[in-house]
Each structure stands twice: as C-alpha cells, then as structure tokens.
Amino acid sequence: MKNLITVLFVSFLLVTVSVDAQIRTSFIPDLDELISTAEIIAESNHYSDMYDPGYTVYPGFPKQGMYNIFSPKTGAIYCNLDADPEMEILFGAGETLYAVNLDGSAVTGWPKTFTTNYEVAWGVSFGDINGDGEGEVVVSAGGPLGGHIHAFKKDGTLLPGFPINVGKYAMNPTLADLDGDGAMEIILGTRDKLAYVFKGDGSVYPGWPKQMDWYVASSASAGDVNGDGVMDVVMESRNLLYVWDKDGQILPGFPYAILDSTITFALHSAPLLVDLTGDGKQEIVFCSHSNAVNAGGIVYAVKHDGTSLPGFPKTVNDWIYGPPIAADIDGDSELEIIIAEYGSSPVPQFYVYAYNLDGSMVTNFPMGPYHGTANQILVADIDNDGQFEIIFDENVVEVTTGRYRALNMDGTDVTGWPLELTQNTSFQQPLLGDLNNDGILDMVGGSFNFDVNNKQVFLYVWNTGLPYNPAKIVNPMYQFNPQHSGVFVDPSLIPVELESFWVTVSSDEAVLNWITATELNNSGFEIEKSFNNIDWNKIGFIQGNGTTTNKTAYTFNDNNLTPGRFHYRLKQIDFDGTYTYSKTVSADYYLISDFSLEQNYPNPFNPNTTIKFELPKDGFVSLKIYDILGNEITTLVNEEKPTGRYEINFDASAMVSGVYIYKLESAEYISTKKMLLLK
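Okay, so the sequence shown: first residue is 47 according to this note's numbering, each after it adds one.
Worth double-checking, as some hints may not be accurate.
[To be verified] Below 27 angstroms or equal to it, Euclidean Cα-Cα: the simulated BS3-like pairs (lysine-lysine) are:
id	residue 1	residue 2
1	K658	K709
2	K670	K658
3	K617	K629
No wet-lab data here; the hints were simulated from the structure.
Generate coordinates for the entire structure from the input sequences, incorporating the hints supplied.
In structure tokens, the structure reads:
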C-alpha cells in the first residue's frame, strides 16, 4: 500500500511524517519555509536488516538531553577542557549546552542553561578568542525571538563582554584570527541579514557588521582566499555568496550571484575553501537548492576572482544542505568534490555525487539511492584498509532505529555497516578522533527523537577497536575543526614537526629557540619550566602559525633566573585543545662575580680533557694552547662571549706527549695553567 502525503509549512520548525508503523523521516524546511520533497511515497519494511560493525559504546553513553523546537544541527565537537590529556565532548540540546567526560559524567562547571526559548540549534565552537593561550567555548543560542552569543572559559565561567545580543536565528559561530594578534575573532550571520565579526572581549570588530541582501542559513568560512597573506571571510545569503577581507571590504568579483533566469535558487550550504588548482589561492565550493518544487540543486566551484572553475557549476536532482568536502578519493593525486542530496522520503531516492576537477563524474558515482543526508560527508579510512570511505547521516528511522552509513568507493557498504543507534541521525555530523590517547580510533555521533511529546537528543561515543591514523581522516568533524573554519587541510601533513629545540644562557636570561618544519592546526606553544624535571610550571605562551608547510623559527626569553640547573619543555597545543610535549632541554645558571679559569680535567690526560672557565660580563675572550716554549699550538675560543660558565673539550690526538700551557685572555683578565699529555 502506498500513501501520498502533501505537507505545508508556516514556520521554521522540524516536522515529522509517519506514513506507516515502520519508517519515519523528518522534514527540515529551509528558511524560505520550503521542503525538498512535496510528495512522499512510502513502502513498509523497505530496509530493516540488522548490522553490527563491532564497535563498543563507551560506558555512560548514550547521554540524553531534550530540545523544545529545534533539533540540534551540525553535531558535537570534542576538545580539551581540563588538565588531563583526554578529550571532552560539547553538544547542545534545547536550552542547554553540555560538556561531558568520556565516562559520561559532566565536566566541572557544566552544563550551561540559557534563556527560555533560546535554544542551541547549531553547533558549538572552541578556540582561543582572547589570546591567553587557552581555548574558549563559543555558542549561539536563540530562535524567533532573538539570539545571543555566549563565550565561556573551559571551567564554564562566562567571559567578560558576553553574552552578546544579535538577531534571531544566529548561525553556528566560526572562529578565526583575522588580524594575526593571537586571538580569534567570532564570525557568524543572522536572519536579520547581517554578517557579524566580534572580538574576544565582545566588542564589534572594526568594519563590521555587513548588510547582506538576505539572511544566512549556514556557517561562515574563513581563510586566505586570494593568497595575499590576509584572512578573508566567506558567507552565503539567500541569493549571493559574499567574500570580504578582514576589514569588511568586498573582494573583487564578489558578491557572486546565483540567481537563475527561470528558477530562483537559495544558498544554504556552508562554503568549502580549498586550493583545487595548486596556485596558492583558494577556490570556494558551495551548493544551492531551488525554491521550485523538484527543481534540484547546484554545485558551484568559484575562483578567488569570482569566476567559475571550468566544468562548473553542476546540477543534481534534489537539495544539497550539507557543506561539500574535498578529498583524493580515487588515488589520482588530485582532489575530488563530494556532496550528498538531502531529502525526506521514506523511500531511498537521494544520491551521493563526486566530481573531478574538470566537472566530470568520478567512477562509481553517483552512489545510491539512499535516504536524505543533511550534513557534510565525512571522508576517512573507517575500516583500516588503507583506503578512504565516506560516512554520512541518513534521514530515516525504522521503528525506533536510525543509522549512519559508511560506503567503500565502489558503492558497497563497509563491512558491518550501517551503524545503528536510537532514532534519527539527520543533521548529526559524526566525529572521528582518538579521544583518550590510547591509539585507538573513537567515533562520536548523535541522534534525536522527533516525537512531539518526547523530544529527546542522544549522544553516543564508540570505541572502534581500529588503529587511529589522523593522516587518513580528512574532516574529523563539521567543517574540519572545532573552529569550523571550512578550510581544507591535507591530512597527510604532520600536525607539528619540531625540527630542533635548544636553550642558551646569556647574561641573566635563558633564550629558548625552536624550529618547526610543518604545522597543522597549531594554536601555539606553552613554555614549561622545572627545577627537578618532575614538577613543571607554565612560564609563557607563543602563538603558533595554524597550518603551514613553511619552516618557522620561534624564540622565548626567560628572564626569571635563579642560580642552579633548570629544564624546559614545549607543550604544543592544537586548536581543539589536544597537546603533545617536546623533548626536555636543560641549562645551568650561576651568579658569577669574577673571572675564573679552572684546572683541566682529567690531568694528566690522553687524548681528551675539559677546560672550564667563567665570565662575569659579556666581552671578547680567547682560549689558546701553547707548548712549553711559548709557541701557539691551537686556538679553542676567539670570539665575543656572554656572561656564563663554559666547558670546552680539548682533543690532543695530533699532539705529542708533554707539558702544555693554556691561557684565557680578555680585556680585563689573563690566566694561564699547565696540563700534562701522556700517551
């Protein structure tokens, strides 16, 4: 028996249609109050097989929350909110923002509850917005009555200057350091047709907000679009794609208009920034869908100057709601663009598409049909076979069970998949990472119940049992990272490759130097100091360079020295709060009041000995070796030296046995001593 259902909408609500007792889907209308499918035909028991990829749900999960009007979208994030190395998980449900540990318990200082009817409909962000070297939690909460931006310290304390009042339906915040001052700005749009940029103290960034032609329905992206070394902001409105520089000046070639001469399209897909052509400039990949019934969607690839990449745009059959993703999924050393259609039919009729850079379809695509996919496709090696797979949410519930799909590149399901969980996974972006640093891949996912009398949200964490390999995860969470920057980064890059790290003592300060060969999502370095190599204290922070393949040199001066031996290490921190420690380097500092030249040791020696001396002030100094007749044999030191204690190794392999003289000389001091070489 087939049932024909017509649905009308009068507000931006989640609406559910149950056409039989087995299969249900949720309808998320766009901000024009339209849906992707006007006529729904359903068949009972279309898809009811049981699957089990063998993942273990963490004890204490699933966690539950409740929402009122808006089911959560774009999924959770993971980040480090405390002193231990394990990740914590942040997710919103209704008027509450939760932060939970991996045992399911609440993080100290959390959750946070917001004003009635101000819901966390979109995802939360995490990054350093005040330049203190610590990440902060940023989230928008709102609805039809208005919107607030909240910013919290990791312990749940509200930051000064927050909350900020903004327009209704405030979108997912994007965090990026636009001006290079070490503090990220907060970027988002509202339904009041405004694009905002705020600083970490809650003030408006100069040159903002910007008026747009219409409202936004997705998050912004932030990257260096035109390759000039300055960050740009990219944001969609209903009809236009805007690109501004950090000061709010529109870039040449923008806004990019998507209006069709016969059909009006609406942008509701967050933009992807990626250098597809290898010219050092970013292309902008985004999607639109039609406001006409059954008119489909369009995939765009636009250059930094507002012109289209040859072969684009491309047309598909139905809406595209989630952001596109880029990855080399066929091993040809070129990136491909992957998108999925969104829809609400209980009968699978939506497809996953992948395009080559010339706009041609990748082999084995389109894949489908499937149920509608609302979020960004996740590309990763989910089964440890060395090849990428694609993972996505599906807008369907059979009885009480929803699912995530994982597909091989030939279109077959990954063994054991789909992954089943309670209720609908639509708009619940899955996350991948090693949350407890055990070397095993973990997965985070969510679902929600769209029963009007039981609006539950569920958060899952699975241990996959597979080795964790970050080089095989293209986008571990929505728009790549907890800041949701939307900028593609090659996952094969080493997160931070420390080439060298050393310390020298000069006068009354220790100078630390280190060089990185590459950096990936590097927030910066905490400098830690210890006097016993056991108890460590933070003494400073140096901002990192985010993501770069260029060699970078860093310097930090420690002016707080006391006599003795001390040790240093670097705590490299990613934008999500994960961190790693460097090796330890050590130095000695003594209060030196006089010149001194010590007796060499050992003495007699063969053939090596050590000569120690101290300098109470900076200056030119020489250390030379003479034979017993006063003939100069060799020079060990002949240069400017800072105050300090020195040890010089002398190798006499080329000399004959006998008595030798060594002399230390400066402008204010001369001292000689004898030594005996016995072979």
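Status of each hint after checking the structure:
1. K658 - K709: holds (12 angstroms)
2. K670 - K658: holds (13 angstroms)
3. K617 - K629: holds (10 angstroms)
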